[in-house]
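Chain by chain, the residues:
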Amino acid sequence: MANRSELGRKGNHPDLLAGMIFIVVGALGLWAGRDLRMGTAAMMGPGYLPLIVSGLILLIGLAVTIMGLLRSREPLGVVRLRPLLIILVAVGGFAYAAGSLGFVIAAAWLIGIGSLADPESRLREIAASIVVLTIFGILVFIVGLGVQMQLGPF
Amino acid sequence: MEFLDSLILGFSTAATPTNLLFCLIGALLGTLIGVLPGIGPTATLAILLPITFFLPPLAALIMLAGIFYGAQYGGSTTAILVNLPGEASSVVTALDGYQMAKQGRAGAALAIAALGSFFAGTVSTIGLAIAGPTLAGFALSFGPAEYFSLTIFGLLCATVLASGSVIKAIGMIGIGLLLGWVGTDVNSGSERLTFGAVELFDGIEFVVIAVGLFGISEIIVNLESPESRGLIASKITRLWPTREDFRQAWPAVIRGTALGTFLGILPGGGATLSAFSAYTLEKKVSRQPQQFGRGAIQGVAGPEAANNAGAQSSFIPLLTLGIPSNAVMAMLLGAMTIHGITPGPSVMHNQPDLFWGLIASMWIGNLMLLVINLPLIGLWVKLLTVPYRLLYPAILLFCCVGVYSVSNRAFDVALAVGFGFLGYLFRKAKCEPGPLLLGFVLGPLLETNLRRAMLISQGSPSVFIERPISLALLIASAALFVLLLVPAIRKTREEAFVEEEV
Numbered sequence: 001m002a003n004r005s006e007l008g009r010k011g012n013h014p015d016l017l018a019g020m021i022f023i024v025v026g027a028l029g030l031w032a033g034r035d036l037r038m039g040t041a042a043m044m045g046p047g048y049l050p051l052i053v054s055g056l057i058l059l060i061g062l063a064v065t066i067m068g069l070l071r072s073r074e075p076l077g078v079v080r081l082r083p084l085l086i087i088l089v090a091v092g093g094f095a096y097a098a099g100s101l102g103f104v105i106a107a108a109w110l111i112g113i114g115s116l117a118d119p120e121s122r123l124r125e126i127a128a129s130i131v132v133l134t135i136f137g138i139l140v141f142i143v144g145l146g147v148q149m150q151l152g153p154f
Numbered sequence: 001m002e003f004l005d006s007l008i009l010g011f012s013t014a015a016t017p018t019n020l021l022f023c024l025i026g027a028l029l030g031t032l033i034g035v036l037p038g039i040g041p042t043a044t045l046a047i048l049l050p051i052t053f054f055l056p057p058l059a060a061l062i063m064l065a066g067i068f069y070g071a072q073y074g075g076s077t078t079a080i081l082v083n084l085p086g087e088a089s090s091v092v093t094a095l096d097g098y099q100m101a102k103q104g105r106a107g108a109a110l111a112i113a114a115l116g117s118f119f120a121g122t123v124s125t126i127g128l129a130i131a132g133p134t135l136a137g138f139a140l141s142f143g144p145a146e147y148f149s150l151t152i153f154g155l156l157c158a159t160v161l162a163s164g165s166v167i168k169a170i171g172m173i174g175i176g177l178l179l180g181w182v183g184t185d186v187n188s189g190s191e192r193l194t195f196g197a198v199e200l201f202d203g204i205e206f207v208v209i210a211v212g213l214f215g216i217s218e219i220i221v222n223l224e225s226p227e228s229r230g231l232i233a234s235k236i237t238r239l240w241p242t243r244e245d246f247r248q249a250w251p252a253v254i255r256g257t258a259l260g261t262f263l264g265i266l267p268g269g270g271a272t273l274s275a276f277s278a279y280t281l282e283k284k285v286s287r288q289p290q291q292f293g294r295g296a297i298q299g300v301a302g303p304e305a306a307n308n309a310g311a312q313s314s315f316i317p318l319l320t321l322g323i324p325s326n327a328v329m330a331m332l333l334g335a336m337t338i339h340g341i342t343p344g345p346s347v348m349h350n351q352p353d354l355f356w357g358l359i360a361s362m363w364i365g366n367l368m369l370l371v372i373n374l375p376l377i378g379l380w381v382k383l384l385t386v387p388y389r390l391l392y393p394a395i396l397l398f399c400c401v402g403v404y405s406v407s408n409r410a411f412d413v414a415l416a417v418g419f420g421f422l423g424y425l426f427r428k429a430k431c432e433p434g435p436l437l438l439g440f441v442l443g444p445l446l447e448t449n450l451r452r453a454m455l456i457s458q459g460s461p462s463v464f465i466e467r468p469i470s471l472a473l474l475i476a477s478a479a480l481f482v483l484l485l486v487p488a489i490r491k492t493r494e495e496a497f498v499e500e501e502v
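Those protein sequence lines, which keep their order, are chains A and B. For the record, in the first sequence the residue sitting at position 67 is 67 according to the working numbering, with numbers rising by one throughout. For the record, in the second sequence the residue sitting at position 227 is 227 according to the working numbering, with numbers rising by one throughout.
Hints in this document: simulated from the structure, not taken from any laboratory. Take these hints with a grain of salt, some might be off.
With the Cβ distance kept under 10 Å, some of the chain B side facing chain A (calculated, not the full set) [what the hints assert, rightly or not]:
(1) Glu191
(2) Thr242
(3) Leu446
If you want the footprint, here are the derived chain A segments under chain B, 3+ residues with CB under 8 Å [unchecked claim]:
(4) 36-47
(5) 55-63
Because the structure is a prediction, the values reported are computed rather than measured. Note that the Cβ used here is the ideal one computed from N, Cα and C, for glycine as well.
This is chain A alone, in the form it adopts within the complex (with noise of 0.2 Å):
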C-alpha cells in the first residue's frame, strides 16, 4: 500500500488510508459524471449533485490527507492478506461458477476455498463442510426458495 511509506513520527496511517480513498471516489466520480449536463438550479440536470458531491468528496478527502500527515503517528493495526485474498478469490469463484457451473461447483468452491482462510481448519472438517452445506443449500435455497441456479453445468 502506498501509504506504508516511512513518515517518521508524524502520519495517522488509518487518515491517510481514508484520505486516499476519498479522493480516489471523488475523482472517479467526476470523472464518470464528465460529460453529464449539470443543468441550473431550477431545472437541475443528471450531472448537477453528483458532480458536486463528488467535488466535496475529494475536498474531504485533500483534508483528511492533510490531518492524517499533522497528526501523530498511528499505524494501520493488523494487516494479514491471507483471510483477505482468501475469502475474496472464494467469492469472486462463486461469482464466476454461478453463471454456468452451477450451484453444486459454486457452493463447493466457496465453502472449501473460503475454509482455507482460517488457519485452523482442518481437511476433514472442511470436507464435513462442504458436502453439509451443499446439500442445505440445494434443498433450502434451491428447492425450498426456488432461486434460479442451475445445479450443474448443463
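Once you've looked at the hints, dock chain B against the given chain A.
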C-alpha cells in the same frame, strides 16, 4: 377510542400463526447472533434481507425487527456470563454484570437484565404507538423543502452521534449519496456514473452494498484476529434476584428506559449510545459510585433497559418520517423498499395493519424473549463453544446465495466482492460504514426533493428559509455543526467515545 382500536388491529394482525412464527424465528435468531461474538445484527440483517423476498411483507419486517431487538438480549447474556459482549450495545453490561457473575450473582444479573429489557421494551413500544400517529400526522404536511431539510438534518445528526471522526463520516455519507445515484436518472432518463456497465443501469442493489460492506468484510476482519473466548464465571444457581436487588435496580431501569427512549429517536442514536449514556448517568446519580465496576446492579439494570428502549424507539423516525436513524434502520428501509412499501407517514394511513402489526409484534417478541431466554440460557452458552471456523463458511454461503437471488445474476455477487474489499479498506481506515448506508438509501430522496423544491421556487434557495419547519430544521443542523466546532464540546464527545472503546 381510536388508539385502542389501532392497538387491537395491531395485535390481531400480529397474532396470526404466520406472524407469530416469524416473530419467534426472528427473536431466536437475534438471540443466537447476539450470543455469538463476531456476527452483529447489522451483518445478519444484510445477509437475511434477500431471503425475506420470499415472505409476505409484514412477516418479513417482523422477523427482521425481531433479529434486531433479540440481539440486544443475547448480547447481554454472554456479556454477563463470560465477559464477552456479543454486541457493541452490551459492552457496558459486561463491566458490572461479569463482576456480579464472579460473585455468584449471575442469575440475579441475568434476570434483572431480562426484566429491565422487557419493561423498557414495553414502555418504548407504547411510546412508539403514541408518538407515531402524532409525528406522522405532522409529517403529512411536509413538502419537498421540509423533506430536504429533514434529510440533511438526519444525515448530519447521524455523523455527530456516530463514533469516530465527523469529517470522515461526512465523506462516507457523500460516497453513499454517489452510490445511490448510480443508474438511470429518473428526470432525464440518461444513465450516469455507470462506467458504461449495462448491469448498473437500474442502479446498485441495496443488498449488494449491505452484504459487501457488512457481511463479507466483517468475516475478513474477524479472521484476522485469533478468537477470544472467555470462561464461564460460575454456575447459575439462583435465578431470581433478591428484594434488595429489586429495590436498587428499579429506579435505574426507569431512568434507563427514559434515556434510551429519547436517545433512540435521535438520528444516529440507538441501542449503543443509549447504553453508554445510561451507564454514565447511573454512575453520576449513584451515592456509591465506587461500587461501579465491582458488581453494582444498577450498572446492569440501567444500560440494559436503555439499550432495549433505544433499539425500539429508533423505529420511530423510520416508520413515521421514512428517515432511518442508523444502519440497522437503513436495512429495514431496504427491506420495505424490496416489498414495494415506501416508508413514511403514508404507511400508517394506507397500511395501518402493517404499521400497528409491526408495533404489536415487537411487544409480543419482547415477551417471547423473556419467556424463552431465561430457561434457555444454558443452551446459548453452549453455543459459544462452536468455533468460528465452522460458522463462517455457512455465513459466506448465505451472503453469496442471498446476493445472487436478488435478481438472479452473478454480476451482483462480483460487485459484492468489490464492496467487501472496499468495506475492508474502510475498517482499516477507521471509517464507519453506517453513514454510507444512510447516504445510499437517502440519496435518491434527497435529490428528488431538492429538485422539486427548486423547481417550484424557480431556482431560488430561499424556499428552504421561508417555510418555518424547514427553517427550524436547517437552523438545528447549523447549530449542530457549530457546536461541533466548539472545542469543549468536541472534547466531551471524544471522551464519551473513548470510554466506549474500553
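Checked hints:
Because the closest C-beta pair between Glu191 of chain B and chain A is about 8 Å apart, less than 10 Å, the hint holds. Here the hint on Thr242 of chain B is broken, as its CB sits about 44 Å from the closest CB of chain A, past 10 Å. Because the closest C-beta pair between Leu446 of chain B and chain A is about 8 Å apart, less than 10 Å, the hint holds. Residues of the region 36-47 of chain A with a Cβ under 8 Å from some Cβ of chain B number 10, which satisfies the need for three, so the listed coverage holds.
Counting residues of the region 55-63 of chain A whose beta carbon lies closer than 8 Å to any beta carbon of chain B gives 5, which meets the minimum of three for the stated coverage.
In summary, the structure is inconsistent with hint 2 from the numbered list given earlier, while agreeing with all the others.
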